[in-house]
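Colleague: Listed here are the chains, written in short residue letters.
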Amino acid sequence: MDREKKYTVREMLQFFLSKVWENNRKLLIFSLIQIPVLVLSPYINLVIQKMIIRGITQQYIFSRFLLTVVTGYALILLIQALSEWLEGRSEWYNRVLVNTLLKCVDEKTLNTDYKNVESAEGQQKRQKALNSIYDGGQQLIKVSVSCMVNLCGFILYGITIFSYQKVLFLITAATAAAGYFFNDRLNKYEQKQKDRMADEDRKIKYLEREAAATRAGREIRLYRMQNLLYGIYDKTICSRLALEKNICRGRSIAGSSVHVLSLMRNIFSYVFLIVMVHNGQIKVEDFLFLTGMVTGLSVWISNFMSDLSKLHRFFMFFCCFFEYLDMPETEDAAESHYILNTAPSVRFENVSFCYDGSAHEALKNINLTIHPGEKIALVGRNGSGKTTFVKLITGLYRPTQGRILVNGVDITKYGSKEYFKYPAAVFQDVLLLPVSIAQNVSSATEKKTDGNKVAECLKKVGLWERVEALPDGAGTSINTQVKMNATDLSAGEQQRLMIAKSIYKDSSLLVLDEPTAALDPISENNIYQQYNGLSAGKTSVFISHRLASTNFCDKIVLLDSGKIEEEGSHDSLMKKEGLYYTMYKEQSKYYRKGYACKI
Amino acid sequence: MRVTIQTIKMIQRQVPRLIPFTLAYSVFLAVQPFIVVQFMGLIVNELYDRKEMREIILTAGVLALTAFLLDLAVTLLANKIDICTVELTYKQDLTFAKSAMDMEYSKLESSEVQVLLENIRQSRFQRGDSWAKQADIIKKLCTSVLTIIAAAVQILKIVFDAVNNTQVHVAYMPLIILFLAGILVWVSILSAKNGMRHGKNIFSRFGEVAPINRIFGFYRQEIFPNYRYGKDIRIYEEQELINHEFDESKNAVRDFMEKLGDEEAVFRVKNTILTSFLLLVTYVFVGTLAYYRVIDIGTVVVFVGVITKFLNGISGNIQTVTELSENKKFLQQYIDFIDYSRNPGDGDVVTGCQKEDDSQNDAGTLMRDVQNGDFEIEFHHVSYQYPNAEKWALHDISFKIKRGEHIAIVGENGSGKTTCIRLLCRLYRPTSGTIMINGLDIQKIKFSEYIHFISAIFQDFELFSIKLVQNIAASEQADVEKVDSVLGDVGMRARVKAMQNGIHTYMNYDFDGSGVELSGGEAQKIAISKALYKDSPFCIMDEPTSALDPMSEAEIYSQFNTLLSEKTLVFISHRLSSCIFCDRILVFQNGELKAEGVHDELLKKSKQYQKMWEAQAKNYK
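Order-wise, the sequence lines are chains A and B.
Those letters in the first sequence? Residues 1 to 599, per the working numbering, in order.
Those letters in the second sequence? Residues 1 to 621, per the working numbering, in order.
Be aware that one or more of the hints could be misleading.
[Stated by the list, open to error] Calculated pairs, DMTMM-like style, for lysine to aspartate or glutamate (alpha carbon to alpha carbon, straight line, at most 25 Å):
1) K103/A with E240/B
2) K483/A with E237/B
3) K448/A with E248/B
4) K446/B with D369/B
5) K364/A with E517/B
6) K235/A with D129/B
7) K421/A with E349/A
8) K576/A with E555/B
9) K103/A with D129/B
10) K483/A with E493/A
11) K589/A with E614/B
12) K259/B with E22/A
13) K142/A with E555/B
14) K80/B with E323/B
15) K194/A with D135/A
16) K563/A with D600/B
17) K594/B with D583/B
18) K205/A with E121/A
19) K19/A with D255/B
20) K205/A with E476/B
21) K245/A with D326/A
22) K329/B with E208/A
Please keep in mind that the hints were generated in silico from the structure rather than gathered at the bench.
Treat the numbers as computed from the prediction; the structure is a model and nothing was measured.
With the hints as constraints, model all of the structure from the sequences given.
Modeller: Printed below as a string of C-alpha cells:
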C-alpha cells in the first residue's frame, strides 16, 4: 500500500496554480499585478525624494521645481492607490483559497475506497492533510507574492547600489545572508516543535468543542465533570504555552543577532558613504538615496530568504495533502457490463476478511449461497461480524480472501463504482443531508430528482401525508439547525425516509442493517410489516439482533465470532437446540403467554 | 466604547503584563523613526556644510548605535507581547469553556446560544481569534497615536524654528500653520469616520453570510469527518449531490468574500487619496520654504520624514479604528456568550435557607434524607414546551415516585419520555407545574447538590476522549478498586485489562494516538459502569441497553436486579420485556401520561400498552 511517491515542487506548484486558476482566477490576477506595484512603490518614493532635494540644491527655476514636486506626488499617489486597491482585495480574496484546497480533500473523502475513510489511519491522514492546508494553504499566495516582490526588489535595489558602489552591495548582501542564517536556525528549531504543538493543539481543539457541545453538556452537568475537564484543559494550555515560550526565546535571540549584524552594516555603509561625499564622488542627495537603498536592500534580502524558507516549509507540509489525494479509488477493470434487473443470487466462497492492522479475522472462511429472491436473516451477538458482512455484500469492502459471486460473476468484475448501482442499504444510524426531503430520497440534485417517484416512495412508507402537510411539501429542507424554514423529523420518520430512499433506488438487492434498533415497538413493527412488501421480488438480507426479525425470512444465518455457526429455517434451528435456540428462548421468554402470570 | 473598556479590563485581568508591555513597546516603536530622521537631517546638514569628516562619522556612529538599541528593545518587547497574546487567547478560550460548562443546560441548548456559538466559530475560522486581534489592535492604536503626537510636536517645532529664522513670511505664518493644522485634523476625522463605517459594514456583511456559513460548516464539520456518512454516500452515489450543494455554498462564500474585497479596495483607495493629498500640501509647502532658503536641506529631510511618519500614523489609525469597530462586534458575541452563563435563577435555597427558612423543611435534613435514599418525588401537573415549538412535549403530567420503586416509562418515539427524564435531571425547567422532592420544589435546590443524588445514563451518552478511569470516576481522583468492581459488574473487566494501559487507557484518538476506540455496545457498558460508580440513591436510565445484543442485555438486566435492588430506579425502554419486573409502568402517549400500573394490569386496561406489547410479542410466538 505504501507507495513511495515524492512530489516535486514543480508538480505541486502546477497543481495549485491550476486549481487557483479554475476557482479563484481573480485572486491570481490581482496577485500578479501586485508584484511590480509593491516593488516599485518604495523605490519611486526614494527617487522622488532625491529629485526634490536636487531641485532645491541646484536651484531649478520655481515653476520647474513645482512641476517636479507635483508630478512626483501624482506618481506616488497613483502607485499608492493602486497598491492599496490591490491589497484591500487580496486580503479578502485570499481567505477563499483555503476552501478551494479543502474541496480537493473533501472530494477525495467522497470518492476514495470506503476503508480509507473508515480506518483510524485514514482519518489521521485526513487530519494531517487538513492541517497542512490550514497551515500553508491560507498563506500560499500571500507568501508567494511576497517572495516574488522581495526577489524583484532585491534585484532592482541591488542593481542600483551596484551601479554606484560594488563593495557596498557586497557588504549589504553579506550581512543580510548572515542574518538569514540565524533565522534559518530558528525556523528549523520551530519546525521541530511543530509536531508537539500539533499534538497539544488537537487536544485543545477537542476540549474546546466538547465544552460547548450539547450531548457532552448533559454528561458534564449530570456527573459534575466541570472541574475534571477544566483541570485537563488548563494543564494542556500550560504545556502548550511552555512550548510557545521556548520558541519566543529563540526568536529573541535570533532577532538580537540580526540587529547586531545590521548595526555593523549601518556603521560601515555610513562611513563609506560619508567618505564618498567628502571626496566629492557622490552628492548629498545621493547619500540619502543610497542609505535608503542599503536599508531597503537588506530588508528585501532577508525577507526573501524567510519567505523562501516559509514556502519550503509549506511544501513539506503539502506532502500530507498530496498523500491524501493519492489515496486509491479502486476502479476494478470492468470486464463487461453485467446488468442486474431481477433478483440476483449471491454466493460467498471461502470469504475471509481482516481489517487493516488487526490481528484476527473479522470473518473467517464464510461459505454461503443466497438464492434469487431469498430473504435471509443474519443474526448474532455484538462483534460477531454482521456489519462486516454487510460491508462486503454492498461492495464497500473487498474480501481479504475468497470471492463473492453475484449471479455467478465475481463482484470485482463489475467494477466497484459500477457495482454500487445495484445494492440498496438501510443502516441503523440515520444520516440525513441538509437538503430537501425529495433530494434525500432521490440522492440526486434537484434537477435529476423525479418528484412523482419521490411521492410514490414516500406513500409506500406512509410518510406522504406528513410531508405533504409541510409548507413546501417534499421540497422542504431537513435540519432546522442548518437551514431556514426547514423541518426536523422524528427518529421513526427518519428511518422510514431512509427506507423510501432504498425504494427509490429500484434495486434488486436489499440490505437492512439493524434499521429498527432506535425505534419504539410500534414503529418497529410497522417496518417489519412493510418488509415483505419492500422485499418482494428482491434478494434481501435483514440484519438484527432482535430475533423476531427471523419470522418473515426464508433462512436464518447465525454468525458467531466471524463464523457461520448455524444456518437454516427457524424451525430447524429450534429443533437443533443450539446457540440460536438459547438466544431465542432468552429473548422470547417474557413475551410468551403465561410467563407474566408465573411471577 | 463601553465594550472596548470592558475588553481592556478583561485583558488586564487575564494577562496583567500585556498592557504595560504594549505601552512600552509602542513608545519605543513610535519614537525610533523620529530619532533616526533627526540624526539623518543632522548628518545631511553636516555634509552640506562640509564639516570635518571625523565629526560627521561620530554623528553617524551615534545614530547607528541608538537605532540598534531601540531596535533591540522593540524586538524583545515584541516577543514578550507575542507570548502574552497567545496566553490571552488560551485563557479566554478557557473562560469560554468554563462558561459553556457552567451555563444552565436549557440555555446552552437554546437556539439563540447555538446560533451564537456557530457564529463565533465561523468568524474565528474566517478571521482569526478576536482576542489576539484585540491585543494587536491596541498595540497598533497606541503606536499610531504616539506616532501622530510625536510627529505633530516635531512639525510644530520645525515650523516655529522657520518662523524664528526669518522675518519675511512672518505675517502669513500663523495663517499657514492654522491652515495646515486644520487640514490635518479634518482629514483625520474624515478618515476615522470612514473607517468606522467600514468596520460596521464588514460586521453586518458577516451577519448576512451567516446562514450560508452554517451550511458550509455543516458539510465541513459533520458530513466529511463522519465516516458513517461514507456508506450511504457510496451506495447511493450521493457524490454528485453533495458536490453540487457544497459547491453552491462554497461559491456563495467566495462571492461574498470577493464582494468584501472590492469594498475594502474602494475604501482603501479613498483613504489613500485623502492622506496623499496631505502629502502634496506638505511637499509643496516645505519645498517652497527650502527653495527660498527659509529652511535648510537637513530640515527638509527631517520634515519629509516626519510628515511621512505622520501620515503612516494617520492611516494606521484609520485602519485600527476600522478594525476596532469591526472587532468590537465580534468580541460582543463572546461577551454575550459569557453573560448567558450567569444564572440568576439557579436554586441556592438549600444551602442558604437553613437560616432564612425556618419551616419544617430544613434543607440540611432534607439532603441527608435524600442521600440516604429516603425520598419521594412528585410530578405535580408538569407541562413542558420546547422553545419555539407549537406542541406540548409534555402536558399536565402528575405522578409519584416512592422510595425504592423501580419504574419503567414506555411509549412511542416522541411521546415525551426523554423530555420527562430531562426535566427530572433539571436539564430543563417545567413550563408549568412543579416537580417536588419530599415536598420541596427541586428548582429551589442548588443544582450541584441536587444532581449529587442522581445517576443517569442517557440514550446518547458521551464518552470523553480522556482516560477511561477519568470517564468512569468523572474526577481526577478515582477509587481504583471501585472502578475495577463496576467494570466487572458490566462485564468489561477482561476487555479493559487487555488494553495497553488498562484503566488508564485513553479513549479514541483525540488525546492520544495510543487511544482505544470502543464499539457502540462496549461504550454503552462503560456508560453504565459510570452510573454504577456514582452509586447514587436514584438511578435514571434512558434506553441503557439499546446498542447491546440480547444476551448482553439480559446479563446487564440481571445485574441491575441485584445491584440496584435497594435503589430507586426510573428507566425508559423500547423492549417491553425488560419492564415486566418493574413495580410500576408509566405509559406515555403524545406527551400525556395515559396509564400506569403493573404489566398484567396494563395489558388489560391500556390499549396503547396492549398494542405495543402485541407488536413485539407476536413476532416471538
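Colleague: Go through the numbered hints given earlier and state which of them the structure violates, listing their numbers in rising order.
Modeller: 13, 16 and 21
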